[in-house]
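Asks: Line by line, the protein sequences are chains A and B. Each residue of the first sequence is one higher than the last, beginning at 1 in my numbering. Each residue of the second sequence is one higher than the last, beginning at 121 in my numbering.
Cross-link-like lysine to any residue pairs, in silico, SDA-like; alpha carbons within 25 Å at most:
| hint | chain 1 | residue 1 | chain 2 | residue 2 |
| --- | --- | --- | --- | --- |
| 1 | B | Lys178 | A | Gly42 |
| 2 | B | Lys178 | A | Leu95 |
| 3 | A | Lys57 | B | Gly163 |
| 4 | A | Lys57 | B | Ser146 |
| 5 | B | Lys231 | B | Gln162 |
| 6 | A | Lys18 | A | Asp56 |
| 7 | B | Lys178 | A | Ala2 |
| 8 | B | Lys188 | A | Gly42 |
None of these hints come from the bench; they were simulated from the model. Bear in mind that the values here come from a model prediction, so they are computed numbers and not experimental data.
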Amino acid sequence: EAQVTQNPRYLITVTGKKLTVTCSQNMNHEYMSWYRQDPGLGLRQIYYSMNVEVTDKGDVPEGYKVSRKEKRNFPLILESPSPNQTSLYFCASSLRNGTGLLGILSYEQYFGPGTRLTVT
Amino acid sequence: AQSVTQLGSHVSVSEGALVLLRCNYSSSVPPYLFWYVQYPNQGLQLLLKYTSAATLVKGINGFEAEFKKSETSFHLTKPSAHMSDAAEYFCAVRRGNNDMRFGAGTRLTVKP
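Input sequences plus hints: build the corresponding full structure.
Replies: Below, the structure is given as C-alpha cells:
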C-alpha cells in the first residue's frame, strides 16, 4: 500500500530535550516536506527536500532541522524543543514532476497521519 | 507571492443541503489549486485538483470545484451533504516546484 508513515504519532516532552520525528514514504517520491498545523493558521511549511541531500527552508524553519540521506526518509529534528513548538506535524511527499496535460506542476502531495507534539 | 483565503472558519449545514466552501487565491500566474479534506485524527487527503485542463473539476465523495479566473476563486461544492462529510477542508495553491500555500481551513459540521 502506498503511504507516508510518521513516528511517533503522539509525543509529550520537556523543554530542551532533543527529539526526532521520523517520516518514511514508499512511493519513490523525490519531493518531501514537513508542515506544522496550528488552529486558525492552516498548514505552514517548515522544511522541504527536492531530492536526496537537497533540503531547503520553508516558511517557519526556526528551531528545526532536517536531513535527507535516503530517498524514502525525511526525519524532522528538534534540537532543543520549546513550548511554542507544540503543534500537529505532518510529513508529505510527492513526485517532483507529475503527469497531466500541462505536465510538471500538476502533482499533489500525499500526507502522513500526523504527529501531535506537546512540549512542556 | 500568492496566498489562499478561505472564507468562514466554520460552516454548518443540514444533512441533504448544499455544501459551499469558499476559497479565493492571489497569484500573478495561473495556479494549480487543490482541495484537501482532513478527518479527525487523520492526515490530509486529496479531494480534487485543478491543473488547467478543465475549469469544473470533479473529485471524490461527490465534491466538485469550479475555477473562476475572473473571480480568483476555487469554491468547493457538494449538492447534498452527508453526515460523513463532517471534517476540516483546506484549499491550497501551488506554483513552481515548492511554492505551496494552504488556507487556514474550514470546519464543516453536518446536522442531522
